[in-house]
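Here the protein sequences come in this chain order: A and B. Just so we're aligned, residue 2 is where the first sequence starts under my numbering, counting upward by one. Just so we're aligned, residue 251 is where the second sequence starts under my numbering, counting upward by one.
Just to be clear, a hint being listed does not mean it is correct.
Across the chosen pairs, the derived CB separations fall in these ranges [claimed, not checked]:
1. B:GLY392 - A:GLU93: 46 to 56 Å
2. A:GLN156 - B:PRO518: 48 to 58 Å
3. B:ILE531 - A:PHE29: 30 to 40 Å
4. A:GLN145 - B:GLY392: 30 to 40 Å
5. A:ALA35 - B:LEU332: 25 to 35 Å
6. A:ALA210 - B:ARG428: 56 to 66 Å
7. A:PHE43 - B:TYR470: 45 to 55 Å
8. B:ALA383 - A:GLU93: 29 to 39 Å
9. A:GLU93 - B:ALA520: 18 to 28 Å
10. B:TYR314 - A:GLU319: 24 to 34 Å
Simulated from the structure, these hints should not be mistaken for lab results. Glycine residues also receive a C-beta, built at the ideal position from the N, C-alpha and C atoms.
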Amino acid sequence: MSHATHTEASSSKRSERSQSASLTYAVFLLTGLALLVVAPLFFYPIFLMKLLCFALFACAFNLLLGYTGLLSFGHATFFGGAAYFTAHAVKEWGLTPELGVLLGVAGAAALGLIMGFVAIRRQGIYFAMITLALSQMFFFFCLQAEFTRGEDGIQQVPRGHLFGFIDLSVATNMYYFVLAVFLIGMVIIWRFINSPFGMILKSIRENEARATSLGYSVARYKLGAFVMSAALAGLAGGVKSLVFQFATLTDVTWQMSGEVILMTLLGGIGTLIGPIFGAGLVVTLQNYLATSDFPVTIITGVVFMACVLLFRRGLIGEFYASRLGRRLGFEHRH
Amino acid sequence: MTMIFGIPVQAFLGQLLIGLINGSFYALLSLGLAVIFGLLRVINFAHGAQYMLGAFVAFLLLQYFAVSYWLALILAPIIVGLLGAAIERTMLSRLYKLDPLYGLLFTFGLALTIEGTFRYLYGAAGQPYSVPAALAGGTNLGFMFLPNYRGWVVVISLVACIGTWLLIEKTKLGSYLRAATENPVLVQAFGVNVPMLLTLTYALGAALAAFAGVLAAPIYQVSPLMGTNLIIVVFAVVVVGGMGSIMGAIITGYMLGIAEGLTKVFYPEASNIVIFVIMAIVLLIRPAGLFGRDV
């Protein structure tokens, strides 16, 4: 990734390029924001909120896969686990929505700490298999635990009043709450990957042995990234339980873990905004197919294989690497 | 009635038998995974789907061609093995140069596609497949009643495991295989067709899974979902055993199956998760797995 020769000319060209990239970024960012703000005028709010929740979930997942190089096959645990925690706290304990979501995040982070502590002992595909097994264990726990209500799930979760006075049962209020959470989550992710911590994570992704030899405690950084990713996935899951007003077993299944991998892969592993597009596509597809009897699983599987075989950089990654993307000043780093 | 640890002997032995049966399937499947991983460096997520395919091929052969169980036990692995070879040749082989994670993701997609298709065609409910006449009924062993078919499954899967082990450890083909695992470039330089060896290995792994599937058909029902939940447990088995050794995979498979069966006797609530708990403990104490060399 790093090119050894840094001549004057190439570095000035690079800064020019990154300047044009940041300009393009700013334009895209503002357009995107404007679209998100006016979107409820054109689309069904629940659909949009679902999309935002999954987009945040996928971005949280990408924090781990794209920026640390760890493939977790168990992220449904954090997403679905937080959904249960939030739903339980809001419904049974009468917490306000923001506290309920925070509790969900804390719970997801705690689960992430436990799972991460066990899983980072192995690397690569072993890591993936271990996270998958541990999350299946959590699934069985949720199936049998009292508070999750087994097959029924926690239903009729009240949305409540945000900070005690904003009524979230009004769809518009709820939408802007979800949008705010999504944006906060994205800013956290963006800050995180551009922090010194994030840089060290990238160095671990590129060459773990070298990072170790430079004196970094690789295990601790990996665990930190894992907990961070789990907490953000929990943020998405907690909010989702308020949007749909229920938390069920669906969100803790391995299929859900697979879905978030697909979203990230489809959008572009290691790109900041790729997973948003991946999530958008997958959610739209599911919505579209929900009315037909054709099973989503087949399409999901075929798209998975096609992504891996044909465009591993994902949609956004391919765009960055394309001629147009490069002319706009993007650089694909992967 | 005799008791062991406050549990009637009959119940104890019954669960032990179920554990042994499950262990046979774990052993057969984790063996296939280890064989494929050893050479291809691919974790075959589609292993569960191939197991399911084996059962379905047997079921369909019986349904449409009245093929007996015994013939299906040979035909189904061949069919699924050929299918595996075709997939390896056309698609999987393109991924060897990449990060092994892509192989896992590809086979995951493959598993979803196969399962989705069968669920679409046959629904999620199970289809019955009857025990072959020669193995119907049971034998009274004096201390317990053993259904003949279950005894047969334990014996034949042990034979299949040991056969595979012998094939890999004691034959010339196996020595090529092991050599190619160590250094594929060198082995190719000696004139061995390594790409062919890779295809054969994947086909062998898929065939083993299908063989297990046919064995399972009369015990569990033939259903599109029979493979996936099983494969996750088998992953845990593989993590416990470590994928370095074939024998390790076999022994771990049986051990964990029995551990699961015994948990059902003493603490049924935990029987679903006991293998995962064992996996976590093993990882904390011995991260490379019981028989593993570190990868």
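Hints, one by one, checked against the model:
Checking the proposed 46 to 56 Å range against GLY392 of chain B and GLU93 of chain A shows it holds: the Cβ atoms sit about 55 Å from each other. For the pair GLN156 of chain A and PRO518 of chain B, the beta carbons lie near 28 Å from each other, so the given range of 48 to 58 Å is not met. A hinted range of 30 to 40 Å is violated for the C-beta pair ILE531 of chain B and PHE29 of chain A, which are about 49 Å apart. Distance hint check: the CB atoms of GLN145 of chain A and GLY392 of chain B are about 37 Å apart, consistent with the given range 30 to 40 Å.
Separation of ALA35 of chain A from LEU332 of chain B is about 55 Å and departs from the stated range, judged on CB atoms against 25 to 35 Å. For the hinted restraint 56 to 66 Å between ALA210 of chain A and ARG428 of chain B, the CB-CB distance of approximately 27 Å leaves it violated. Roughly 49 Å separates the CB atoms of PHE43 of chain A and TYR470 of chain B, a value that falls within the hinted 45 to 55 Å. Checking the proposed 29 to 39 Å range against ALA383 of chain B and GLU93 of chain A shows it is violated: the Cβ atoms sit about 57 Å from each other.
Distance hint check for GLU93 of chain A and ALA520 of chain B: the Cβ-Cβ separation is about 26 Å, which falls inside the suggested range of 18 to 28 Å. At roughly 44 Å, the beta carbons of TYR314 of chain B and GLU319 of chain A sit outside the given window of 24 to 34 Å.
In terms of the numbered hints stated before, the structure departs from hints 2, 3, 5, 6, 8 and 10, listed from lowest to highest.
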